[in-house]
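If you're matching them up, the sequences are chains A and B in order.
Following our numbering, the numbering of the first sequence begins with 1 at its first residue and continues without gaps.
Following our numbering, the numbering of the second sequence begins with 1 at its first residue and continues without gaps.
Please keep in mind that the hints were generated in silico from the structure rather than gathered at the bench.
None of these values were measured; they are calculated from a predicted model.
A few of these clues could be false.
Claimed, not checked - Facing chain B, from chain A, some residues (calculated, C-beta under 10 Å):
1) R95
2) Q124
3) P169
4) G171
5) L184
6) K209
Glycine included, every Cβ here is placed at the ideal spot set by N, Cα and C.
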Amino acid sequence: MPLTKRIIPCLDVTEGRVVKGTRFINLRDAGDAVELGAFYDDQGADELVFLDITASSDKRKILIELVERTGEQVFIPFTVGGGLRTVKDIKEILRAGADKISLNTAAVKNPKLISEGAKIFGAQCIVTAIDAKRVYVEAPEYAKDKVIIKIDNDRYCWWEVYIHGGRTPTGKDAILWGEEATNLGSGEILLTSMDKDGTRDGYDLELTKAFSERLNVPIIASGGAGNPQHIIDAFSLGKADAALAASIFHYNEYPIKIVKQECKKSGISMRL
Amino acid sequence: MPLNITIIDYEMGNLKSIYKCLKHLNIEAKITDNPKLILDSDGVILPGVGAFGDAMMHLKEKNLIPIIKQLIKDNKPLFGVCLGLHLLYSKGYEMGEFEGLDIIQGEVIIFDNSKVDKIPQIGWNNVEFQNDKHFLIQGIPNNSYFYFVHSFYGIPKNKEQVVGLTKYGEIEFCSIVSKDNVFATQFHPEKSSKYGIQIYQNFVDFCKR
């Protein structure tokens with residue numbers, strides 16, 4: 001029985017409440033964040049991720065209170081991300097009791113934030129979150145400075161990094177950025193497919209696999225989970241170390257326990 | 001008299017999560033570097049996240065090394081977690097060679113990267129109990145999963161001190177170690193859900209004796 005694959009419910013929060021965006025828009029309320037977190041711990045979640053989608057520094061106090069309260073009721077590791085821009089921001093969240101923080105836009109704009117954070121707090125608590133979107137090309141030679149992957153039907157693509165909650169394209173290659181972030185000291189990658197997020201028709205397995213095979217840190221697959229088979233595919237075909245999902249858990253459509261049992265039946269190492 | 005548990009504060013890592021886990025068990029622990037408070041308590045927790053050398057340096061600066069050794073002489077329950085486990089050993093090889101507290105004879109070394117997939121080991125792994133009767137694991141099924149985050153592990157010279165074993169890649173290492181009233185886990189019980197909480201409960205019950 002080796003190290004298990006992890007199932008991670010993601011809680012998008014604003015002012016201490018959970019919301020779930022579909023393709024990053026159309027928010028709807030799904031409950032109190034701490035209560036839901038404790039519920040997931042009880043259900044067998046391996047970790048939790050809180051993403052603060054308000055991400056404004058004037059609301060930081062509310063986020064810190066949420067982190068404090070979560071630590072009182074949740075006894076599994078949890079990551080907090082959204083709007084963290086400085087080493088001071090990172091320190092505040094970790095001090096409040098988070099085990100890890102995730103950096104997205106701020107790390108793209110200032111990659112040194114990763115190395116500074118890793119040096120002070122340890123690589124294990126610095127997660128780089130990458131929002132990636134496919135860019136199709138006719139042939140590999142059309143995008144020489146990018147990592148081109150041949151996907152189904154003889155098509156080729158690379159993945160572009162988006163920032164600002166998926167609103168702003170950067171022109172950056174996601175795989176190369178992932179490698180850079182890892183070299184700077186990021187201990188994990190939270191990889192979201194923008195093409196798949198909110199679709200519920202499965203993870204971007206080519207993206208997940210490309211990251212898992214190239215990077216020497218755990219990859220958390222995100223975006224597109226609609227049923228247990230999608231999660232099984234993320235582990236077996238996408239070679240992910242962890243699978244993150246939101247809506248399939250929030251409405252108890254597929255309880256975590258059921259998902260984990262299905263994974264185990266398929267031969268995936270799980271904590272049950 | 002309420003039970004008096006202290007968590008040693010030497011500026012290494014997340015002490016609050018241990019504090020909150022104990023609070024969940026209705027124990028109001030003290031987070032402190034005060035020698036008197038530490039020596040007067042019913043049980044002491046040595047936590048820690050970070051590097052071996054830095055940690056020993058902080059303990060030394062705060063003059064806590066003789067205090068911890070005094071706890072051993074007094075036969076006080078002492079519980080080490082993660083880096084707190086490493087420090088109990090004689091020597092550590094994290095970014096150099098450092099003397100440890102030498103309470104448990106043995107060494108702390110890094111995973112051999114040809115024998116494991118990724119370093120650090122991050123995630124849930126199972127613990128195979130070597131001594132079912134040990135108080136620390138009562139109420140917990142054998143091979144339960146616990147949460148690990150580490151690149152180094154300790155090798156006790158005396159194999160009778162091994163309470164739990166865990167396999168990562170091709171390496172089998174000691175994940176729970178115990179000697180007299182000293183106990184330590186490589187994993188983080190405070191992050192290991194209900195069975196982790198049970199470990200603290202068992203430690204607290206032991207301190208009540």
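A quick look at each hint next to the structure:
1. A cut of 10 Å between beta carbons decides the hint on R95 of chain A: the least distance to chain B is about 8 Å, and the hint holds.
2. Interface hint at Q124 of chain A: satisfied, since its Cβ lies 5 Å from the closest Cβ of chain B, which is below the 10 Å cut-off.
3. Contact between P169 of chain A and chain B, as hinted, is not supported at the beta carbon level, the nearest pair being about 31 Å apart and thus beyond 10 Å.
4. Because the smallest distance between the Cβ of G171 of chain A and any Cβ of chain B comes to about 30 Å, over 10 Å, the interface hint for this residue is violated.
5. At about 16 Å, the closest approach between the beta carbon of L184 of chain A and any beta carbon in chain B exceeds 10 Å, and the interface hint on this residue is violated.
6. Taking 10 Å as the C-beta contact cut-off toward chain B, the hint placing K209 of chain A at the interface is violated, the least distance being around 16 Å.
The structure fails to meet hints 3, 4, 5, 6 from the earlier list, while all remaining hints are met.
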